[in-house]
Amino acid sequence: MAEKAMIQDNTRCIGCRACMIACKEWNDLGADVTDFFASDGYQNPRDLNENNYTLITYREEPAEAQWVFGRLLCMHCASPACASACPTGALQKLANGAVELTEWRCIGCRYCMQACPFVIPKFDYGSVFPKIHKCTFCSDRLEVGFAPACAKVCPTHAIEFGDRDEMLSKAKRRIADAPGRYVPHVYGETEVGGTNVFHLSSVPFEKLGYETGLPHEPLPDLTHKSMRFVPRIFFSLLGAFGLMAWIVRRRNERMGIAEDH
Amino acid sequence: MEARRSIFRWKSTLVAIAIIGGTFTLARFAFGIGAIANVNNAYPWGWWVGFGVLSFIAFGGCGFTLALLVEIFGQHRYAPMVRPAITMGLLLYLGYVVILMIELGRPWMGWIIFFSWQPTSALFEVAWCATLYTTVLIIEFGSVAANHYRWRRSARILGMVYLPAVVVGVSLSHLHQSSLGTLLTIVPLKVDSRWWSEVLPATFLTSSYMAGLSLVTIEHVLATHYLRLKPRVDLLGGLARFQIGLIVIFLTLRIGSLVYEGATDAALRFDWLSFLLWTEIIVGFLVPLALFSIPDVRQNKWALFASSCLLAGGILLTRLNTAVFGMRVKHWESYQPAIGEYATTFGVLATLVLIYGFAVRRLPIHREEPLDEDPAPGIAPHAAKAAV
Amino acid sequence: MAKSSNARMGTFAVFGVAVLVNLVLSIFLLDQVRRTRQEVSDLSRELASKQDVAMLRPLRVNEILERRCTRCHTDQRFAKLTGMGRPEILETIQRMREHPGSNIPSSEVREIQAALLVFRCIACHGEGVLSQIVLMPPEDRVRFLRDKVRMPDSGFRTDQVGELLRAFETLVDRPKN
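Chains as they are written, first to last, in my numbering: chain A, 1 to 261; chain B, 262 to 649; chain C, 650 to 826.
In short, the hints are calculated from the structure, not lab data. Among these hints, one or two may not hold up.
[Unchecked claim] Keeping only pairs whose Cα atoms sit at most 20 Å apart, straight-line, the calculated DMTMM-like set for lysine to aspartate or glutamate is:
{"no.": "1", "chain 1": "A", "residue 1": "207", "chain 2": "B", "residue 2": "594"}
{"no.": "2", "chain 1": "A", "residue 1": "172", "chain 2": "A", "residue 2": "32"}
{"no.": "3", "chain 1": "B", "residue 1": "591", "chain 2": "A", "residue 2": "3"}
{"no.": "4", "chain 1": "B", "residue 1": "591", "chain 2": "A", "residue 2": "206"}
{"no.": "5", "chain 1": "A", "residue 1": "225", "chain 2": "B", "residue 2": "522"}
The following block holds chain A by itself, in its conformation from the complex (with noise of 0.2 Å):
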């Protein structure tokens, strides 16, 4: 299967959370109890958590006194930190795009959370048995050919499903048709090495709350600066050592001083 992707389009997103029913539907989430002022207006509840994998993010923009809508969601980055983190392979990239969590092999050690720049992993705290939640990118709906079920329901057609390279280019297209209507900047086509979800909007992405300022290069990478050393760098020191120590007991002996440890 060609790698997918979604585009987020939020200047059409009217704020009906029907993206998040569907999200709930599809994946069998729990329900919250939550407050009618949890956050910023209307949003609700405040963050994603087990119980919801997307959100939609409502703020106010003061100059033009309208809403501006984001959404969380894993973006399902194209070399994941969370995936180089995980030390059991629960976290896996697979070529259909999406990041996809093997429950059971979560051991709980949350360095995915750590190592997410976009702080999408969540872990319920609450419970004896917790594990990580996080968005599926609906894998096992995907590979029958059906679209995320957020991306299906969306009624204003502000998410959007499809091959990545024609969801990139649609993007920049939209951008390019209406230069007025669209920062002009495709949120996800760099960021952390790329990722499959293309955000848009109408105001700068700070102002949705969005994480900005993230490099260029995947963050694995930085890791990966020194972890590509370690079994050169252990087998050097074996030997290095193995060496000093046979050499200093061979003189040990010759100069007859006890083992003493």
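With chain A held as given, fit chains B and C onto it using these hints.
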């Protein structure tokens, strides 16, 4: 008598701390992590990792540092320090495993890490190396015990694997001590610029040597004091010389990375984190550096003790600063360690001190000569026994 | 003996720490100096030139003429202004206003007159150069215009400096739209 009463007071305090920690641990397994800890979705690690993992392993580095010094660099005169170092190292690594079991969300799945292949993950490497190294520590410790109790067959087998085990153990330690730093290189946006740098692996490795030597010094002064043994100030002075070199290397890396990463602006800012930074650098490293450089200090066991405590504090602070205080995530949630997090870690620490206190009196860990002075009645049998 | 040794240790320690802290601070300070110098040398690329500032307040001669004149006249027509001074231009504008459908409000006459007079300068100098007059104090403006008028083939008489100055001031101090 005075010493004995003070030991008793210490012991009861430690037992109390351990019991409180145990209670919180039970609560964690009964009601989940959220019941006792403040770790949250934006700050998933917090105190448990900063203190229980990063710092415990740093100070557990005493085992490999002394093994490196004695067995590999052939500095044989430090041999009397090896046994305490290995015992403390083993205990601290076991303590780290216990804290990890509390801290992991799904500890019952922990074994799966050994049936995975994730060479890109620093945590994978730390887990593997730390486990293998704990095995090495058990072999080293077992070899000492077998020799002492004259378990002939075990002693022969362990004697054969001892040196290879030391070599493997020291190599493994270099890997996972530095990988603890690598753990945090993937989050340049979350760790404050005053602590994040690409040379974190190197600073963490250097500080683990220093932590090991400081802990050995602190232990030696306290143990010889309470067991009424002759302190080997000459050896402590020798370790202090190594400390000078290590502190200089560490500070060069530290200051160099601050300049290289462009963090001097932040370092000269007047805020809480800069206060922590300067406390760390001045009180934790520069003052010990100055003290260790004075010959009079290197011949005075309490001066060495105090300097080592400051240095140990500096290392602890730099680790906590990197992983706890300097961690700033742009998110609505914030983090302060909860009582439960302090209680569990200090509970484990108190238990370790108690076990070590017990071990040091029952096992032939210290073999220095007893003090010449006439020992107070009631303590003499103890000290004499331990000194054998 | 022990006391003096302690005192010596203390002095050494305090002195040593002071030196070391000083060393670290010096390194940081040097880095700050280096970075500041770097930033200053990078500034020239970011700093606005007089030209840039002047462009913030363009004379907008063409804009004015386009609004009221170019519906009927081509640019070439304005070239025939050569030799016209303020009275002649005003007279012309009045004549144009009389044409039915010309739709030139009296409030804009002053502005159009200034624009047409300055148009004669633009033929040689370009609006960018002339915009610099915005930044000049009054005395310099006069000197600037006088120097230009004195140039051979300027097409202006020296007694027209005042007219020119008023024309420029009309354009420069004109409220936005």
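Residue 225 of chain A paired with residue 522 of chain B [C-alpha distance capped at 20 Å]:
holds, 16 Å
Are the Cα positions of residue 591 of chain B and residue 206 of chain A separated by 20 Å at most?
With a Cα-Cα distance of about 11 Å, the restraint between residue 591 of chain B and residue 206 of chain A holds, given a limit of 20 Å.
Would you check the hint for residue 207 of chain A and residue 594 of chain B, treating anything up to 20 Å between C-alpha atoms as holding?
Holds, at about 18 Å.
Within 20 Å, alpha carbon to alpha carbon, are residue 591 of chain B and residue 3 of chain A?
violated, 31 Å
Holds or violated: residue 172 of chain A to residue 32 of chain A, with C-alpha atoms at most 20 Å apart
Violated, at about 37 Å.
Hints 2 and 3 from the list above are not met by this structure, while the remaining hints are.
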